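Here the protein sequences come in this chain order: A, B, C, D, E and F.
Mapping the first sequence onto the numbering used here, position 337 (from 1) lands on 337, and the numbers just tick up by one.
Mapping the second sequence onto the numbering used here, position 91 (from 1) lands on 1091, and the numbers just tick up by one.
Mapping the third sequence onto the numbering used here, position 1 (from 1) lands on 2001, and the numbers just tick up by one.
Mapping the fourth sequence onto the numbering used here, position 33 (from 1) lands on 3033, and the numbers just tick up by one.
Mapping the fifth sequence onto the numbering used here, position 71 (from 1) lands on 4071, and the numbers just tick up by one.
Mapping the sixth sequence onto the numbering used here, position 93 (from 1) lands on 5093, and the numbers just tick up by one.
Careful, some of the hints might be misleading.
Said to hold, decoys possible - With a straight-line cut-off of 20 angstroms between C-alpha atoms, the simulated PhoX-like cross-links for lysine-lysine are: (1) 275/A / 396/A; (2) 474/A / 1343/B; (3) 280/A / 474/A; (4) 2474/C / 2272/C; (5) 2343/C / 1474/B; (6) 1275/B / 3019/D; (7) 1272/B / 1396/B; (8) 3071/D / 3023/D; (9) 4023/E / 4071/E; (10) 4071/E / 4019/E; (11) 1275/B / 1396/B; (12) 3071/D / 3027/D; (13) 272/A / 56/A; (14) 5027/F / 5071/F; (15) 272/A / 80/A; (16) 5019/F / 275/A; (17) 2275/C / 4019/E; (18) 343/A / 2474/C.
Claimed, not checked - If you only want the chain C side, here are some residues facing chain D, beta carbon under 7 angstroms, derived: (19) 2269; (20) 2283; (21) 2369; (22) 2389.
Hints listed in this document are in silico derivations from the structure and should not be mistaken for laboratory results.
If you're wondering where the values come from, they're calculated on a predicted model, not measured in any experiment.
Even glycine gets a Cβ: it sits at the ideal position worked out from N, Cα and C.
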Amino acid sequence: MRKSILGWLFCMVAGLAIVMPTVRAADEPTAADVEQALATVDSALFHGMTQEEIAKEVPVSGSYVDETSPISEDVEVNGKTVTIFRYLTDMEVMQFRGNVIWTCIAAFLVFLMQAGFLCVEAGFTRAKNSVNIIMKNVLDFCFGTCAYLVIGYHIMFAGPDESLYFLGQTDATDWGFAFWLFQCVFAATTATIVSGAMAERTKFTGYIAYSIVICAVIYPVYGGWAWGSLLDGGGWLEDVGFYDFAGSTVVHSIGGWLALAGAIVLGPRIGKYGKDGKPKAFPGHNLPLAALGALMLWFGWFGFNPGSTTTFDGNMARIAVMTNIAGATGGIGALLTIWIISKKPDASMTINGFLAGMVAICSAVDCVTVFGAIGIGLIAGIVVVLSVLFIDNVLKVDDPVGAVSVHGVCGAWGTLAYAFFSTGIEEGGMFTALKNQIIGVGVGFVWAFGCGMVLFLLIKYTIGLRASREEELKGLDITEHGAEAYSGFQIFTTE
Amino acid sequence: MRKSILGWLFCMVAGLAIVMPTVRAADEPTAADVEQALATVDSALFHGMTQEEIAKEVPVSGSYVDETSPISEDVEVNGKTVTIFRYLTDMEVMQFRGNVIWTCIAAFLVFLMQAGFLCVEAGFTRAKNSVNIIMKNVLDFCFGTCAYLVIGYHIMFAGPDESLYFLGQTDATDWGFAFWLFQCVFAATTATIVSGAMAERTKFTGYIAYSIVICAVIYPVYGGWAWGSLLDGGGWLEDVGFYDFAGSTVVHSIGGWLALAGAIVLGPRIGKYGKDGKPKAFPGHNLPLAALGALMLWFGWFGFNPGSTTTFDGNMARIAVMTNIAGATGGIGALLTIWIISKKPDASMTINGFLAGMVAICSAVDCVTVFGAIGIGLIAGIVVVLSVLFIDNVLKVDDPVGAVSVHGVCGAWGTLAYAFFSTGIEEGGMFTALKNQIIGVGVGFVWAFGCGMVLFLLIKYTIGLRASREEELKGLDITEHGAEAYSGFQIFTTE
Amino acid sequence: MRKSILGWLFCMVAGLAIVMPTVRAADEPTAADVEQALATVDSALFHGMTQEEIAKEVPVSGSYVDETSPISEDVEVNGKTVTIFRYLTDMEVMQFRGNVIWTCIAAFLVFLMQAGFLCVEAGFTRAKNSVNIIMKNVLDFCFGTCAYLVIGYHIMFAGPDESLYFLGQTDATDWGFAFWLFQCVFAATTATIVSGAMAERTKFTGYIAYSIVICAVIYPVYGGWAWGSLLDGGGWLEDVGFYDFAGSTVVHSIGGWLALAGAIVLGPRIGKYGKDGKPKAFPGHNLPLAALGALMLWFGWFGFNPGSTTTFDGNMARIAVMTNIAGATGGIGALLTIWIISKKPDASMTINGFLAGMVAICSAVDCVTVFGAIGIGLIAGIVVVLSVLFIDNVLKVDDPVGAVSVHGVCGAWGTLAYAFFSTGIEEGGMFTALKNQIIGVGVGFVWAFGCGMVLFLLIKYTIGLRASREEELKGLDITEHGAEAYSGFQIFTTE
Amino acid sequence: MKLIIAYIQPERLNDVKQKLNEKEICKMSVTNALGCGQQGGYHEAYRGVDIEVNLLKKVRLELAVNQEFVKPTIDAIIAGARTGNIGDGKIFVLPLEECIRIRTGEEGSAAIG
Amino acid sequence: MKLIIAYIQPERLNDVKQKLNEKEICKMSVTNALGCGQQGGYHEAYRGVDIEVNLLKKVRLELAVNQEFVKPTIDAIIAGARTGNIGDGKIFVLPLEECIRIRTGEEGSAAIG
Amino acid sequence: MKLIIAYIQPERLNDVKQKLNEKEICKMSVTNALGCGQQGGYHEAYRGVDIEVNLLKKVRLELAVNQEFVKPTIDAIIAGARTGNIGDGKIFVLPLEECIRIRTGEEGSAAIG
Ligand SMILES: Nc1ncnc2c1ncn2[C@@H]1O[C@H](COP(=O)(O)OP(=O)(O)O)[C@@H](O)[C@H]1O
Ligand SMILES: Nc1ncnc2c1ncn2[C@@H]1O[C@H](COP(=O)(O)OP(=O)(O)O)[C@@H](O)[C@H]1O
Ligand SMILES: Nc1ncnc2c1ncn2[C@@H]1O[C@H](COP(=O)(O)OP(=O)(O)O)[C@@H](O)[C@H]1O
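Please work from the sequences and hints to get the whole structure.
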């Protein structure tokens, strides 16, 4: 997301960042230089105010930037850089409005991914736990929104001077609203990834507790490291050179590793592994619902990736195309892999495959060629199948929907793939890039998996994480929520 | 919606409204004043025409405003206000295009709420009536569109001079298209709210008749009172000072009170109340479908509220954020309330809760703070649960999906909440505001409930409103539509 | 699509097309004329380059047009036409960005139609084949995307000079990305239409093979004939005067006739026609899912038709309105027709009806009045019912979801309807228009049905097209994919 | 001991249960069934094509009872299920040789109730 | 009177019904069942994990018939259901002591048809 | 020959099957059923309204066995299904007069296995 936001033609948010370093160097230009610099600008843009007056109006947080707030601009005169302050041109106002609307529309699409996750996770698990799954998906969004509003956003994006609890001191049309909404749905996505891996055996209260902590702290901290400078913050990972455009690691791997920790702490569902350790399959109860949900996720991804430009410009088209290609090739990769391995074109793996392709492309989606997208997607599709089988057969961690493989593993793959496929890396820069990406991926794993283990163990030994044996056998729907998902239908609840 | 549409930077539609009063006062300025006023404008914007010629081209209805049509503008010269006529600048053209596209995109999202309602209503009722529910949802939109096209739009928005039957005399890129579409999906939303409350026992023909009348007359009349000035009309409620930005009352309460009337006239489903009067539960047959639908409604709400600005500008972001917060807190409020009351975190109540939060926020969504949104949503979540229980246990009105509580009651709550939470009210203005809101809410109730009772009784005693006992027991799907919703599935149709 | 793309106010893509003819005629104007012509333009737009330098930068393909690439423009001086080359104004840049974003958003909506088709087709068929249907819908998109990327796009839109395999030599923000995405989802729509007609009996590998060929060759060839000039190409059908704005024929009829060929080559499902030849009904297994899908299609259509302007301007609103009206009246038309015929308001026919209305309106949606839309939709609704009955009872071709009637027949109806309802046809031009439309429809039928027969017969006698009798009776889900769609549910698989 | 099997209309199940309860017969098992009887079926139309549905939805009751309860059980079922219309259903009585309560291992008449 | 229970392959139901109709036996009840027999089951794979499905989908018929119809019924079922493959199914014959038509209260042989 | 009908808790089915397999009884038919017994039911709450669910989900086994297998079968079912809690279920034994294998036409004891 970083690069493109700086790429705004009339770069508004970044305006603030520019102010700080230049204010210090600004004692050098003479008054005449300043005069000359100011003359390069249409005087109407000063709104009849002095530079000092305007400078005071420059927002103290990127969150408060508005179409009516001034920006600072560096002008080159007589070989010197003069920083002047001015209000926006009509064109820039229009661009601002476009940015807001596009960012919001993208956020809406990302929001719809909640519905997609709900369908996929419910569809891939057993009917007796469907109410529980839908409640988890709905409520991690509700609680996640609140947690991110109260504290998460501040942790992730606030600078040292201005607090952003409850969005800070925003005014009606501030950029902060659009930006917050987009970030909020990202945070909620991270949270909701986990519910799939922990499905069918997690206590409801334990899950709620978890989802609050992830949106309030775990995701924002890592997010701040990687993306803090998108607003007032500044993260050490981005400074190191770690690149993650739309969140292969920041969102997906973090979610995936948390899911891994959750699934480990919980242990497998009853009967999942036989006495000989061989995994047993618990077929999903509603594959059409799952497929519908997965296509809704695909649709939502068109907000997730292209929206990460948060800019009303042509870049998003390329990103949308690459997302689409990676999804398509991911689906094909997974289809062929599972077809070879188990002799049947498995639907749920194919679905995992195209999701994996889109997870993997997030990181480098703004800087790969068509062939890069094909490569990243195809490999992700293959990797996800092998990973699911490995986790199920070798690690024996029970992940009902493949969340760890899709989001964790393929997120990591996509982040590393940046080093191989990005067009933005100069000759010979691949190894540096790879090193930086490995740092990001590694830190992400340590942070998310570590926090996850601590958090889930904490929950386990306090409010409790796992439903009782009887609850699990009867299904969480009846025991936790007192309701069946498909009342009246005859369903064998026996496996 | 009122405020923001006037807030268009280059206010196009309002241009027309400005013409009328000022034309009369325009005899005062001298020819020289006019000359001077005209000089303030780029002469290219006159397209080489005289003021009289341009004035003639000013559209006679807001519906006919186009990027190529002229506007009137008030210019201050020598202390006098001169009204001049001119064509749009390139910038204004761009703004117009943005307004059209954003309004249409928002309308598309609102359209998708039809699918959301379909899923929620079908999911919350029994499998034997699902075909009937989906037919009602699909057809109230089909017939509603036609009814609104033929007469509803005219009733709601036409001025005294120009009729708007069949959209009036529109040209290709007229604003009327975008505006009509947005209004049409609103009207259809009102209609479709009712089907849930009347589910599982209403005759198909009776329902169709009802939905035509609501889109043709009942909704447009009240809508015109509250929102008429958005186009050529002008309603007495808005003149009184009643404020309902996106329709807590205009859309939701109206729908809710109609639903109440319908449910009363119909009477409860067979077996709903025992001999002791105690309500019996008829569990919904497909909660995953209902949850999916409810999240689609949430998604649609991002068109419903932010789109109500009908303007391509930054305001919509704030509105989207507040909508989201109210939804999230509404869900939490309902969850906790029902959890306390019935000891189980009930899924269907939680779903009702976040819908209620968004219903309630509609009214003041453009002028509340974050804390206002939290308050409105949370209270709505609590209110909706209590209201459902009250209506079910005390009033003994059978509302299978909680439509009256969600839309009627929480719509009213949200409308009143404007008086408490709006930032737009000056010191001491709260009581006036509250009074105005009470008028709007009261008039809405009387109008919608009154019309509803008359209409449903009329239908009852002519074409018939309630399905026969046998039809109801067997299910409307087989008896009315000759088809099962889930052919082949084994379903207990016995409760 | 043709007309509106030329209608861009600051017509960018078309710029290229203008270059070629005018470069030849440009020897006539004198140097002074050129000088004078250049003076009409803000000199900053030359970026300090000479006309020759700029001319060299003009993109060789419409796909490569960018906000930073120059355009050619014809200026009238001294009665002569001078072609000058210049870069874009800020306003034009903004328009470009808007075009890209709107086109992409529309493409996203069209993408969602994949999910809609998945739901409709799965819902209208039997539960034992649902996994198969969802796999087909997912994979025809995955393979279709790749096929269109590799070769289809080139075939459809490349000019003689520049190849467009793998999108050609695109740069980051090129128009090609947005345009390709929009075209790609159109191609995939054509492919996916077919799966419904061939449902419940087609071999999986055969289907995959088919869907690659259609996206790689069959659709692009016809598409190039009708729409080639939207980019670098130029098709003979458009030259003849054939008009198909958003694809009643190009997308829908082509898909429909291919579906017809497929259904014929396959033969009916076992037991579909009794010994007396009377058709038997196989009721769809999940009508709520189908209805949800159909409403998602309706939603997607708001991208399909309005997006076909590929322009950020006010035209799309009108198109959206007409689409909506045709859908509504189509639903009503079908409802009433089937109600009269079979005495019951059949849900699946009503759904087919509104889809048929929107299929039919595609062709003339940008140039009909409200009454035209009503007429086209209503008649489509009636036609689709009669067509389904005719195909089922008389032709005895087994089309489980009515794809041939909805897309093939009503697509043809809509294309012809242009001649009767278009406002763009001058007095007396109806017969010419009708002739041209008949040519387009006829060529479409011959091409698609012909290719379809050849292709499906080829597949039949090589990799095989039809599942074995045993597979079909048991259901393709178990036999082809080794999984059930609704695991645990008790379903009668016996009819 | 007898095993009584009864096919009734789904919508009568509640009434039958109530009548049985009144006679303090409250152990039974219920399954969904499709029945083909004198009732003949009805016609649905799907997409304009006629479907003759001759397997109608029924509910199947299975009650194991001691000899002295046979008559009351049959009476109760009839009382709850009879509407006088075709399709009301049938009752079948089978000899039951043994009955065992899994929880306790009790056998015979003692286990039935 | 006998109660005949037959388990058949789901896809044979139509044929069996037809054969029964030919012999004018048209009263029966049908339920879904899962069967475990000589057929052994088949293998599904879900997400690459093998599932041994050994409860196969079967259709269960229940027909109450008078003595003279026992043989025709069994023959008809066999005629409709036999394919010669493992899994074709089984027929069980149980003694039926009583049969009552709920609608009329008729008993015995008269009630069965 | 006997026909053994057993109602057990759904979650015990796998254990019962295993115990039966150990005794080499591997032919059976399974259906879903709802049961009303001593267990009494439980309370759900839907939208704040109490639902008394007194038809609980059960699994119904049907096994046709030769005389010498009756005891082992009953024992195996009890071994697999007994938890000691109310709701464990019941076993019913009915006389079975005839058994026919559709595939071969074999009859009697030979057909059962
Ligand atoms: N001979 C039979 N064998 C098995 N089931 C039967 C038999 N006769 C009736 N039934 C069951 O009883 C149901 C009702 O029977 P029906 O003959 O329609 O009732 P009525 O005798 O009241 O007209 C049938 O649908 C079927 O399920
Ligand atoms: N002894 C039995 N008890 C109960 N049901 C049986 C028994 N034997 C067979 N069945 C039922 O009959 C079905 C077919 O039996 P199977 O042995 O597979 O047929 P076949 O003898 O033709 O190979 C089984 O799936 C099961 O439902
Ligand atoms: N007399 C009976 N007739 C038919 N089914 C019975 C009878 N008694 C018990 N059942 C079945 O067995 C199940 C378990 O019976 P229950 O009495 O609850 O067990 P327990 O005796 O161990 O408490 C019931 O749900 C019901 O399906």
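Between residue 1275/B and residue 3019/D, is the straight-line Cα distance small enough, at 20 angstroms or below? This hinted pair holds, its Cα atoms lying about 16 angstroms apart.
20 angstroms limit on alpha-carbon distance, applied to hinted pair residue 275/A and residue 396/A: Between residue 275/A and residue 396/A the Cα gap is close to 12 angstroms, so the pair holds against 20 angstroms.
Given the hinted pair residue 280/A and residue 474/A, is their Cα-Cα distance within 20 angstroms? Within the cut-off at roughly 18 angstroms; holds.
Does the alpha-carbon distance linking residue 3071/D and residue 3023/D stay inside the 20 angstroms limit? Satisfied, since the Cα-Cα distance of roughly 11 angstroms is no more than 20 angstroms.
Residue 3071/D and residue 3027/D were given as a pair; does the straight-line alpha-carbon distance stay at or below 20 angstroms? Cα-Cα ~16 angstroms, so holds.
Given the hint that residue 1272/B pairs with residue 1396/B, test it: the Cα-Cα distance must not exceed 20 angstroms. holds, 9 angstroms
Hinted contact residue 2269/C with chain D - closest CB pair below 7 angstroms: violated, 13 angstroms
Hint consistency between residue 343/A and residue 2474/C [alpha-carbon to alpha-carbon, up to 20 angstroms]: Holds. Residue 343/A to residue 2474/C sits at ~18 angstroms (cutoff 20 angstroms).
Given the hinted pair residue 5027/F and residue 5071/F, is their Cα-Cα distance within 20 angstroms? Distance ~16 angstroms between residue 5027/F and residue 5071/F Cα, so the pair holds.
Does the structure keep residue 272/A and residue 80/A at a Cα separation of 20 angstroms or less? Not satisfied, since the Cα-Cα distance of roughly 70 angstroms exceeds 20 angstroms.
Verify the proposed pairing of residue 2275/C with residue 4019/E, using a straight-line Cα cut of 20 angstroms. Holds: residue 2275/C and residue 4019/E sit about 16 angstroms apart, inside 20 angstroms.
Holds or violated: residue 1275/B to residue 1396/B, with C-alpha atoms at most 20 angstroms apart: holds, 12 angstroms
Comparing the model with each numbered hint stated earlier shows that hints 13, 15, 19 and 21 do not hold.
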